[in-house]
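Heads up: the sequence lines are chains A and B, in that order. Each step along the first sequence adds one to the number in our numbering, with nothing skipped, and position 143 is 420. Each step along the second sequence adds one to the number in our numbering, with nothing skipped, and position 42 is 319.
Treat the hints with care, since some could be wrong.
The list treats identical chains as interchangeable, and a pair is accepted whether it falls inside one copy or across any two copies.
[Claimed, not checked] The calculated SDA-like cross-link candidates involving lysine to any residue, where the alpha carbons are at most 20 Å apart (straight line), are:
| id | residue 1 | residue 2 |
| --- | --- | --- |
| 1 | K311 | T334 |
| 2 | K311 | G440 |
| 3 | K311 | R474 |
| 4 | K311 | W357 |
| 5 | K311 | T387 |
| 6 | K311 | G448 |
No lab work stands behind these hints, which were simulated from the structure alone.
2 protein chains.
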Amino acid sequence: MAEVTADLAISLDGFAAGPNQTLDKPMGDGVDQKLHQWMFEQPEENAAELAALASPTAFIMGRNMFSPGRGPWDLAWTGWWGPEPPYHAPVFVLTHHPREPLQMEGTTFTFVTDGIHSAMEQARAAATDGHIGIAGGASTLRQYLQAGLVDQLNLHVVGHVLGAGERLFDGLDGLSLEPVSATGNSLVTHLSYRVRR
Amino acid sequence: MAEVTADLAISLDGFAAGPNQTLDKPMGDGVDQKLHQWMFEQPEENAAELAALASPTAFIMGRNMFSPGRGPWDLAWTGWWGPEPPYHAPVFVLTHHPREPLQMEGTTFTFVTDGIHSAMEQARAAATDGHIGIAGGASTLRQYLQAGLVDQLNLHVVGHVLGAGERLFDGLDGLSLEPVSATGNSLVTHLSYRVRR
Numbered sequence: 278m279a280e281v282t283a284d285l286a287i288s289l290d291g292f293a294a295g296p297n298q299t300l301d302k303p304m305g306d307g308v309d310q311k312l313h314q315w316m317f318e319q320p321e322e323n324a325a326e327l328a329a330l331a332s333p334t335a336f337i338m339g340r341n342m343f344s345p346g347r348g349p350w351d352l353a354w355t356g357w358w359g360p361e362p363p364y365h366a367p368v369f370v371l372t373h374h375p376r377e378p379l380q381m382e383g384t385t386f387t388f389v390t391d392g393i394h395s396a397m398e399q400a401r402a403a404a405t406d407g408h409i410g411i412a413g414g415a416s417t418l419r420q421y422l423q424a425g426l427v428d429q430l431n432l433h434v435v436g437h438v439l440g441a442g443e444r445l446f447d448g449l450d451g452l453s454l455e456p457v458s459a460t461g462n463s464l465v466t467h468l469s470y471r472v473r474r
Numbered sequence: 278m279a280e281v282t283a284d285l286a287i288s289l290d291g292f293a294a295g296p297n298q299t300l301d302k303p304m305g306d307g308v309d310q311k312l313h314q315w316m317f318e319q320p321e322e323n324a325a326e327l328a329a330l331a332s333p334t335a336f337i338m339g340r341n342m343f344s345p346g347r348g349p350w351d352l353a354w355t356g357w358w359g360p361e362p363p364y365h366a367p368v369f370v371l372t373h374h375p376r377e378p379l380q381m382e383g384t385t386f387t388f389v390t391d392g393i394h395s396a397m398e399q400a401r402a403a404a405t406d407g408h409i410g411i412a413g414g415a416s417t418l419r420q421y422l423q424a425g426l427v428d429q430l431n432l433h434v435v436g437h438v439l440g441a442g443e444r445l446f447d448g449l450d451g452l453s454l455e456p457v458s459a460t461g462n463s464l465v466t467h468l469s470y471r472v473r474r
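All chains should be built: construct the whole structure from the sequences, respecting the hints.
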């Protein structure tokens with residue numbers, strides 16, 4: 278069976294993004310780099326976690342992780358990452374709006390309109406070593422946790438209280454996780470959990 | 278200057294208690310032992326944190342930490358802990374209802390009706406080595422964090438999503454904490470933070 282891991286950076290109060298995400302403020306109001314400063318400012322200190330983030334051989338993400346738009350596709354938009362996205366693997370993007378697959382350097386984005394289970398089946402077929410990564414955002418991860426399809430959850434907790442936005446754990450009452458490891462540095466705490474069945 | 282530390286056990290989604298706390302369900306609906314199982318079932322694995330919890334030489338707590346009652350005092354109530362409470366130090370209890378000091382074995386409870394700053398002054402005067410512990414609950418800790426009177430916050434995060442109750446970080450938007458240490462075991466993750474000024 279495939280191993281499904283999910284990584285998400287969250288605030289102390291559990292938000293994965295602020296309210297009102299736009300092209301200019303992709304993380305929403307009041308967030309700026311707060312959730313991801315550790316990636317950009319301390320890549321050496323966080324090298325193991327950054328390597329783990331990149332290790333799945335297929336990824337699933339929500340549409341909002343791929344694009345600031347919310348309606349029908351603007352086909353000129355090819356992701357936040359430039360010509361060579363950091364995935365280097367097939368990425369399945371959940372969306373309500375059909376779009377042809379998009380081939381970038383090292384990464385093909387396939388747009389999936391028939392739901393989270395279909396995206397998981399396609400990711401399983403594509404993952405060469407059976408390791409699937411759920412790349413976020415919170416809403417997508419929440420759906421996979423609710424469906425019992427996540428094996429390991431890696432939270433990257435930053436020391437800020439945001440107070441508003443999208444909360445990872447909303448609606449997941451009763452979810453039980455077993456702590457596996459806890460490490461960190463002055464910018465972030467890395468917490469890994471196995472999902473209890 | 279006194280060192281003020283605070284310890285609180287919280288759920289994955291940041292709750293320090295469930296809704297509807299009563300004498301029969303002191304932690305509120307749906308919580309039972311979930312937040313404190315690590316203390317009772319694995320005291321050896323968590324010995325360092327339990328020792329740190331007991332180390333302040335004066336404590337401050339909210340009234341709900343001392344009593345299930347919410348109105349005028351029932352003087353027959355002498356706390357949850359039996360004849361020898363675990364504090365072995367002066368404890369200042371925040372309340373709106375005056376009550377004479379209560380002498381228990383090793384611990385004197387003093388009831389403070391004139392606010393959090395008065396309780397802090399009294400604790401500072403009483404703490405023989407200047408180390409004051411804020412013993413909770415969430416509402417009391419939140420007030421001291423808002424007032425900028427906490428130096429170190431020790432969170433004990435258990436792997437359960439509660440979904441309702443009293444959230445530690447509500448109303449603390451903009452609070453910034455620097456991670457100091459992260460350790461744990463299968464029942465709990467211990468996260469220590471310094472409060473950034």
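Results of checking the hints against the structure:
Proximity of K311 to T334 under the C-alpha cut-off of 20 Å is found in neither arrangement, the shortest distances being 28 Å within a copy and 36 Å between copies. Taking CA atoms no more than 20 Å apart as the test, K311 paired with G440 passes inside one copy only; the shortest distance there is 13 Å, against 25 Å between copies. In this homomeric assembly, K311 and R474 come within 20 Å of each other (Cα to Cα) only across copies, at 17 Å, whereas the closest approach inside a single copy is 33 Å. With identical chains, the CA atoms of K311 and W357 are at most 20 Å apart within one copy only, with a shortest distance of 18 Å there and 41 Å across copies.
Taking CA atoms no more than 20 Å apart as the test, K311 paired with T387 passes in neither setting, with 30 Å inside one copy and 42 Å between copies. Taking the shortest Cα distances, K311 and G448 sit within 20 Å of each other only across copies (18 Å), while inside one copy they are farther apart (25 Å).
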